[in-house]
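S.K.: Those sequence lines, one after another, are chains P and L.
In this text, residue positions in the first sequence follow the working numbering: the first is 1, and each later residue adds one.
In this text, residue positions in the second sequence follow the working numbering: the first is 1001, and each later residue adds one.
Everything labelled a hint here was simulated from the structure, so no lab data went into it.
The C-beta atom is built at its ideal place from N, Cα and C for all residues, glycine as well.
Treat the hints with care, as some may be off.
[Said to hold, decoys possible] According to the in silico footprint, chain L covers these stretches of chain P (three or more CB under 8 Å from chain L): (1) 145–157; (2) 160–172; (3) 212–220; (4) 256–267.
[Stated by the list, open to error] So these bits of chain P aren't anywhere near chain L, every CB distance computed over 10 Å: (5) G11; (6) G12; (7) T13; (8) D21; (9) S22; (10) R29; (11) T35; (12) I45; (13) W119; (14) S127; (15) D179; (16) R252; (17) G273.
There are 2 protein chains.
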Amino acid sequence: MDGKIALIEAGGTKFIVGVGDSSRQIRARTRIDTTRPEETIPAAIDWLRAHGDDYAAVGIASFGPLDLDPASPDWGHVTRTAKPHWSGADIAGPFARAFGCPIAIDTDVNGAALAEWLWGAGAGTNSTLYLTVGTGIGGGAVLGGHVIRGLSHPEMGHISMPRHPDDAGFTGSCPFHGDCLEGLAAGPAIAARWGASLSDLAPDHPAHRIIAWYLAQAIRSFQAILQPARIILGGGVMQTPGLLDQVRIAARDAGGGYFPGEVSEIVTPPGLGGDAGLLGALALALGRERTIG
Amino acid sequence: MDGKIALIEAGGTKFIVGVGDSSRQIRARTRIDTTRPEETIPAAIDWLRAHGDDYAAVGIASFGPLDLDPASPDWGHVTRTAKPHWSGADIAGPFARAFGCPIAIDTDVNGAALAEWLWGAGAGTNSTLYLTVGTGIGGGAVLGGHVIRGLSHPEMGHISMPRHPDDAGFTGSCPFHGDCLEGLAAGPAIAARWGASLSDLAPDHPAHRIIAWYLAQAIRSFQAILQPARIILGGGVMQTPGLLDQVRIAARDAGGGYFPGEVSEIVTPPGLGGDAGLLGALALALGRERTIG
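Just chain P, with the same shape it has in the complex:
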């Protein structure tokens, strides 16, 4: 695909909007606060228009949940979300109407998984899972060149979880499931128990050990169901110094030697750094999902 590609990384606190091309150059980018759909989306469109209106495609990697059923009248809309103003918001439609070119939209984590598999930490493997651990927890996976989907996109933060013995009193912060992975290990669950982010707690605070253990238990479930060659851990919580190493050690213990592969190779940080979100949108726009290599 030649020409300019409009890129949108639609997040719960900010939209990152950029202009890219098929050579993976990000020519320009900006940040727009996520306020209300009727403010944020037109601001993104205005910025893109200021960089030309001859886009060959639009790629959107968005927070969710999203309706991604091509047969649905609500394709490209957010479904129901706890985020005020955004339940039912049409994300894809305004960009389609503004630029009259093909639109690709998927979840931010599906985009990141695809980009990491194509160009990042998952390159050369047959299977890559990307998990973000931040304000929420979400995941996407690419198997054999395909982003996996069933009735809808994955919601990997909502898997069932065992309870760490030193964390028995906490009910969990997920409004749907209480103590699912997100309810136990995302940023708000950390703050609810310990009054701070993980990186603000002393390195010997038990929270580090407990969160690492939860992520390791989740990794075991991902391995048991998908056996990914790479499980890439991104997001704000994973910026905590030392956490990745603790997760690797705990994941080796949790696996009990049962799964093939070396945990230290499988569990890995993102390879694309801060551009993973926009590159996810680019990978989606380039339609690289079913193209191997």
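Go by the hints and put chain L onto chain P.
M.R.: What follows is chain L alone, placed relative to chain P:
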């Protein structure tokens, strides 16, 4: 594919061997006890030879774990298993040498998932997961016409699990993970706690409620990761009267209304009945994995 197809459902206690064809007829079948590889496999070959040696293909749906890496010298072998005599056993090789025709081999549950998606309870969907709950617990899934795989085939019995509050004392029976799904809810784990199979315990025995709850928690994890349109529950434990209905009720509770679809449509018994194993082998032999429809 015209002609006869040799079918092997290789289980831990019995091999079911049959002759089929592309019209899904099973022309003949037999049962051979699983003893040692050097007895059981030649017995299967002898029986197949007695029905002719002009096979167009061989399909094998086997217990595992299996090495399914086409580049591995141990392709088609069992890897390590707790089952005496079978660690390292070459399953595919003897059939390949005996019949000199193409061989397809995969796990029994991958075969069952493929057959159920093609011809059974998953027909017409984009995503089907098959879980067997018996002496062990294993699962396979077909997404968009593809059996999913990563570094190896899934080992769905080994996901991490929460603990039912009325089951706190049991350490779990999995030699690798203790209280993974298989360690809590497979037949031996039921017998270890309650001294009987679930179907031999009175309908008001708490074991029914506890096992249904564990399967529901597992279903939530399968939904969160794969969002299957069908989650098919087979295996001996699922023959327990009333269990499927209890699982459905518990799965609706566990999901908290978060996932799309109706639990009573998603969670379902097998559609292929007693032939699922041989039809799994047939689906593998017909190379139907990537063929939609």
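S.K.: Minimum C-beta separation from S127 (chain P) to chain L exceeding 10 Å: can you confirm that?
M.R.: About 4 Å separates S127 (chain P) from the closest Cβ of chain L, which leaves it inside 10 Å; violated.
S.K.: Hey, is T13 (chain P) genuinely clear of chain L, shortest beta carbon separation above 10 Å?
M.R.: holds, 22 Å
S.K.: Should the label of D179 (chain P) as a non-interface residue stand, given a Cβ cut-off of 10 Å to chain L?
M.R.: It is violated; D179 (chain P) is separated from chain L by about 7 Å at its closest Cβ, not greater than 10 Å.
S.K.: Would you check whether the claim that G273 (chain P) is not at the interface survives, using Cβ distances to chain L and the 10 Å cut-off?
M.R.: Nearest chain L Cβ is 24 Å from G273 (chain P), so the label holds.
S.K.: Are all beta-carbon distances from G12 (chain P) to chain L longer than 10 Å?
M.R.: holds, 17 Å
S.K.: Any Cβ of chain L at or closer than 10 Å to D21 (chain P), or is the non-interface label fine?
M.R.: holds, 29 Å
S.K.: Is it correct that the beta-carbon of I45 (chain P) has no partner in chain L closer than or equal to 10 Å?
M.R.: Per Cβ check, I45 (chain P) is outside 10 Å of chain L; nearest 29 Å; holds.
S.K.: Examine each Cβ of chain L, and state whether all of them lie more than 10 Å from the Cβ of R252 (chain P).
M.R.: holds, 13 Å
S.K.: How does the coverage statement for the stretch 212–220 of chain P fare against chain L, requiring three or more residues with Cβ below 8 Å from a Cβ of that chain?
M.R.: holds (count 3)
S.K.: Taking C-beta pairs only, is S22 (chain P) more than 10 Å away from all of chain L?
M.R.: holds, 25 Å
S.K.: Compute the least Cβ-Cβ separation between T35 (chain P) and chain L, then decide whether it is above 10 Å.
M.R.: Answer for T35 (chain P): holds, closest chain L Cβ roughly 26 Å.
S.K.: For the stretch 256–267 of chain P, does the count of residues with a C-beta closer than 8 Å to a C-beta of chain L reach 3?
M.R.: holds (count 7)
Checked against the numbered hints above, the structure breaks hints 14, 15 and satisfies the rest.
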